[in-house]
Amino acid sequence: MTPSIKLVPVRAAYDDLLKRSLSKISCDLARLIYLASTRDYNSGTYHHDGLSARFSPGAATKALEIAHREVFHQLAGYSLEELVAQLQMYLDCSPEDPAEVLRTWQKLEPYRVAIPVETNPAVARLFVSNVKLALAIWRHRQEPDPKHP
Amino acid sequence: MIGVPTALLIGTILLLALLFLATRGSAVAGSLSAKSDVSLLEDAGELAPCPPEFVARIFDSADWRFVARANSPQLESLFRRERKLVALLWVQQTSAAIQHIMRQHKEASRQSDDLNFSTETKIILLYSQLLLICGLLSVAIQASGPQHVRGLAVYADTLSHRLAEVEQGFRIATTGRQLHNAGSS
Numbered sequence: 001m002t003p004s005i006k007l008v009p010v011r012a013a014y015d016d017l018l019k020r021s022l023s024k025i026s027c028d029l030a031r032l033i034y035l036a037s038t039r040d041y042n043s044g045t046y047h048h049d050g051l052s053a054r055f056s057p058g059a060a061t062k063a064l065e066i067a068h069r070e071v072f073h074q075l076a077g078y079s080l081e082e083l084v085a086q087l088q089m090y091l092d093c094s095p096e097d098p099a100e101v102l103r104t105w106q107k108l109e110p111y112r113v114a115i116p117v118e119t120n121p122a123v124a125r126l127f128v129s130n131v132k133l134a135l136a137i138w139r140h141r142q143e144p145d146p147k148h149p
Numbered sequence: 001m002i003g004v005p006t007a008l009l010i011g012t013i014l015l016l017a018l019l020f021l022a023t024r025g026s027a028v029a030g031s032l033s034a035k036s037d038v039s040l041l042e043d044a045g046e047l048a049p050c051p052p053e054f055v056a057r058i059f060d061s062a063d064w065r066f067v068a069r070a071n072s073p074q075l076e077s078l079f080r081r082e083r084k085l086v087a088l089l090w091v092q093q094t095s096a097a098i099q100h101i102m103r104q105h106k107e108a109s110r111q112s113d114d115l116n117f118s119t120e121t122k123i124i125l126l127y128s129q130l131l132l133i134c135g136l137l138s139v140a141i142q143a144s145g146p147q148h149v150r151g152l153a154v155y156a157d158t159l160s161h162r163l164a165e166v167e168q169g170f171r172i173a174t175t176g177r178q179l180h181n182a183g184s185s
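The listed protein sequences derive, respectively, from chains A and B.
Each residue of the first sequence is one higher than the one before, counting from 1 in the numbering used here.
Each residue of the second sequence is one higher than the one before, counting from 1 in the numbering used here.
Simulated from the structure, these hints should not be mistaken for laboratory data.
Hints may contain errors.
To be verified - Now the in silico label distances, taken between C-beta atoms and shown as ranges:
| id | chain 1 | residue 1 | chain 2 | residue 2 | range |
| --- | --- | --- | --- | --- | --- |
| 1 | B | Gln104 | A | Glu109 | 33 to 39 Å |
| 2 | A | Pro98 | B | Ile124 | 53 to 59 Å |
| 3 | A | Gln142 | B | His148 | 28 to 34 Å |
Treat the numbers as computed from the prediction; the structure is a model and nothing was measured.
C-beta atoms are modelled at their ideal positions from N, C-alpha and C, and glycine is treated no differently.
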């Protein structure tokens, strides 16, 4: 019976994470960036002080990991059109200048570190490739039409 | 009705084609690992499986139609290059996964003293078919892009799952028989 006893706090921590944090974030792309930012670069484990305090560090880590994998899975499965819409929403909500964000994303490719561990390489490559394309499409849309200067 | 020499000739041609496509597939995989920044794992058994819905996505033509609407040759070329790399990576991964299954099968067969002819034939046929399809897919993706071979890719994915199931069934049966024999002796 031990696994089910352990699962209850993880489920509760996950629901709490959805209700208190993730539901307040405007789009899946922003959710992914947020969840990836809770992961330690060196150890790969997730940390969230509030969630750990309400539940336990172990339950919080597991809940963040599950949420990260789910949001990633959803985003990686989006069509290019949906991903461009996600990018638009993300840029609209960002306090930074969209053109600046775009430039930084194209140079540094920070979305690469947003991939959960143990993701299938083809799925990871599809995601990276689609974000790269979405950025290029967004940039193309911002360029003035040469036919209508 | 065809004669024995004709059948032999056809068989040889098919075998050569199979070998050519399999070699071509691994050559593509080699160049892919150089081009792609995603590291290709040595042991395919360690790979997280690619969910079937992503296979359909990689080879879907809806994204291509969306990019084409932008009317930009640069975007179209970027899309073709990117999607081709993803599709080739998937083929390489599938090919590595089926080879991993066959290695496992070879090991399990060596320990089994009563091999079932029909199961062995089924596994070898599935494996050969998959190798041929992976080779064909590599060539077709490079020649015309992944969106034209969606059906074949989905079929290859289904076949690779079937191969894994048949091989797993074989191992369960072999282990069961070994346990039974150990218990009765």
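Hints, one by one, checked against the model:
1. The hinted window of 33 to 39 Å between glutamine 104 of chain B and glutamate 109 of chain A holds, with their beta carbons roughly 37 Å apart.
2. The hint said 53 to 59 Å for the Cβ distance between proline 98 of chain A and isoleucine 124 of chain B, and at roughly 57 Å that hint holds.
3. Checked against the hint of 28 to 34 Å, the pair glutamine 142 of chain A and histidine 148 of chain B passes, with Cβ atoms roughly 32 Å apart.
Going down the numbered hints, you'll see the structure goes against none, and every one checks out.
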